[in-house]
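Chemist: By the UniProt record's numbering, the letter at position 477 of the sequence shown is numbered 477, and the numbering carries on one by one without gaps.
By construction, these hints were calculated from the structure, which means they are not laboratory data. Worth double-checking, as some hints may not be accurate.
DSS-like, lysine-lysine: derived pairs with alpha carbons at most 30 Å apart [claimed, not checked]:
#1 Lys175 x Lys549
#2 Lys416 x Lys452
#3 Lys285 x Lys296
#4 Lys416 x Lys85
#5 Lys201 x Lys135
#6 Lys535 x Lys271
#7 Lys313 x Lys68
#8 Lys313 x Lys535
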Amino acid sequence: MRLKRHVSLLETTLRHVATRALLPALASTCHHYRYASTSTQNPERIAILGGGVAGLSSAYFVSREFPKSKVTVFEAGKDTGGWIKSKRVEVPGGDVIFESGPRTLRNATPTAHLVQELGLLDDITYTDRTEPAAKNRYIYYPDRLNRLPAERPSLTDVISLWRSGILSGIMGMAKEPMQPKRPHGLTDETVGSFLERRVDKRIANNIVSAVFHGIYAGDIWQLSAKTLLSLAWQLEGKYGSALGGFFKVQSDDPRPQQLTIAHPYDLETSKALNEEVDLDLGFAKNLKAASTFTFKNGLQQLVRALQDSVEKKGNVEVKVNSPVQSTRPVGNDSLQVAVTFGTEPSTQTENFDLVVSTLRNNDLTPYVTVMTVNLYYTNPSLLPVQGFGYLIPQSVPFEQNPERALGVIFDSSAIKGQDTVDGTKVTVMLGGHWWNGWNAYPDEQDGLEMAKSVLARHLNITETPTASHVNLAKDCIPQYTLGYEDRLRDFGRGISAEFKGRLRVVGNQFNGVGVNDCITGAWNLARGLRGEGWKSGSCGLERVMDERKWEVVEASEMVYRKEEYVREEDEIGGR
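With the sequences and hints as input, model every part of the structure.
Modeler: Below, the structure is given as structure tokens:
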């Protein structure tokens with residue numbers, strides 16, 4: 001029984017890491033935002049640099065705050081949307097959706113409210129929490145699939161995982177509260193180092209590295225624990241132990257409710273969402289019952305609807321094929337920003353009162369490259385199991401993963417309601433940190449053969465695919481490596497001093513690598529511009545610049561608690 005409790009606690013911890021590795025959980029549902037601008041002097045011209053989901057979301061929220069301002073979005077490519085690409089492919093008897101990037105979303109307040117305002121509710125396809133895709137997620141180790149229980153594990157689950165060897169080191173969870181606190185001068189360490197020091201290196205390599213392959217395609221021995229395991233890092237710093245600290249929070253405080261610790265900025269954001277946002281009750285109920293959701297025409301449907309919406313506003317212009325070459329403050333008081341865009345020799349420079357940049361800074365983070373290979377087979381019975389898919393940890397021997405795959409998504413099992421024909425559809429993810437330092441990458445044919453090889457070895461799928469699509473996303477995911485928060489804070493101070501608040505940043509290099517992270521970042525940034533906020537010296541990085549201490553709060557304060565919503569839910573629950 002003790003082992004079962006430890007496995008359950010580890011599984012809960014990993015689920016928290018996988019769903020919310022960087023930003024706090026703001027709310028369990030999402031809502032309709034009441035916009036109000038109190039400023040009598042708005043910025044005349046606003047530039048948004050980058051037309052990915054962060055840029056388009058920023059344009060949406062900022063243009064609502066300043067409906068009289070002219071907003072221009074500059075996108076380097078021919079299409080907006082960044083790495084979100086959905087492709088409908090004809091196959092015998094119908095067609096299927098191939099996703100080159102993200103394909104599903106978890107419930108997050110600003111994202112869901114955006115979806116509602118864009119009129120996309122009827123186009124959502126949900127994956128219910130009771131479906132195999134929500135309950136069955138696998139890790140390949142060392143040469144077979146191992147299911148990680150989504151609920152309290154049974155004795156059979158525990159025995160199966162134990163026999164595989166994947167749970168080697170699990171007893172380190174019981175010993176974690178007795179481990180010495182980290183040295184006072186240790187300001188950051190890698191995820192792998194943190195887990196090795198507090199739990200066991202084998203847990204880091206066998207399980208956690210797989211989870212991080214699925215989120216960041218990154219190396220846990222390079223990524224920052226302070227950033228990506230922030231709750232555990234703060235608990236250890238405050239109480240000397242992560243698990244022990246969690247239980248100490250509950251026992252030392254007289255409040256009967258479940259407690260947690262949170263940064264004051266995150267608590268204030270959660271309160272703001274409760275005050276300013278409303279959600280249709282039916283939509284809220286659907287989200288609560290769902291593990292993930294997406295759209296009938298793929299995740300790119302969100303991007304297309306977002307672009308259509310901003311362009312219809314009348315005060316927003318989207319310029320594609322317009323790469324930004326430079327930004328610089330104008331005048332001694334830096335009251336404007338000069339943006340140079342276009343391609344040589346036909347570049348142009350225009351001045352803006354406010355600039356929101358989603359462009360990367362090469363000194364802040366490295367990036368990894370990922371190749372996705374979509375495959376469709378007419379045979380609907382090729383998968384040996386039903387579920388979301390599987391991830392591959394760093395501890396898997398080379399002979400079991402010479403292609404350097406990160407994992408495989410069982411698309412035909414994980415997402416329903418997109419394809420017009422039955423069959424087996426999967427996506428193989430290759431590369432990530434395994435390809436760091438490579439001067440060249442596999443071409444499309446090589447990538448296809450590598451993906452087929454992975455499926456043959458791991459799943460015994462040897463049939464020839466009916467359709468396939470290979471996409472190389474070069475430098476697509478920023479890596480929050482050791483010391484990331486210190487670098488980000490120094491970066492924020494630098495642009496604040498240089499641009500005096502007229503240039504602000506948002507996007508996956510600053511807010512988190514997920515779609516929800518980028519939309520949440522854009523929502524927060526636009527809110528900070530409200531009234532006279534756009535004239536302040538902010539750079540858009542208030543969270544990392546805010547050095548207040550984490551505090552003990554009721555867990556319910558970090559979720560959506562609209563009074564009428566709670567009251568209605570109580571009535572529903574009683575019927």
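Chemist: Compare the structure with each hint and give your call.
Modeler: Hint check:
no. : hint            : verdict
1   : Lys175 x Lys549 : 27 Å, holds
2   : Lys416 x Lys452 : 24 Å, holds
3   : Lys285 x Lys296 : 19 Å, holds
4   : Lys416 x Lys85  : 18 Å, holds
5   : Lys201 x Lys135 : 27 Å, holds
6   : Lys535 x Lys271 : 24 Å, holds
7   : Lys313 x Lys68  : 10 Å, holds
8   : Lys313 x Lys535 : 24 Å, holds
Consistency with the previously given hints is maintained throughout, with no hint failing.
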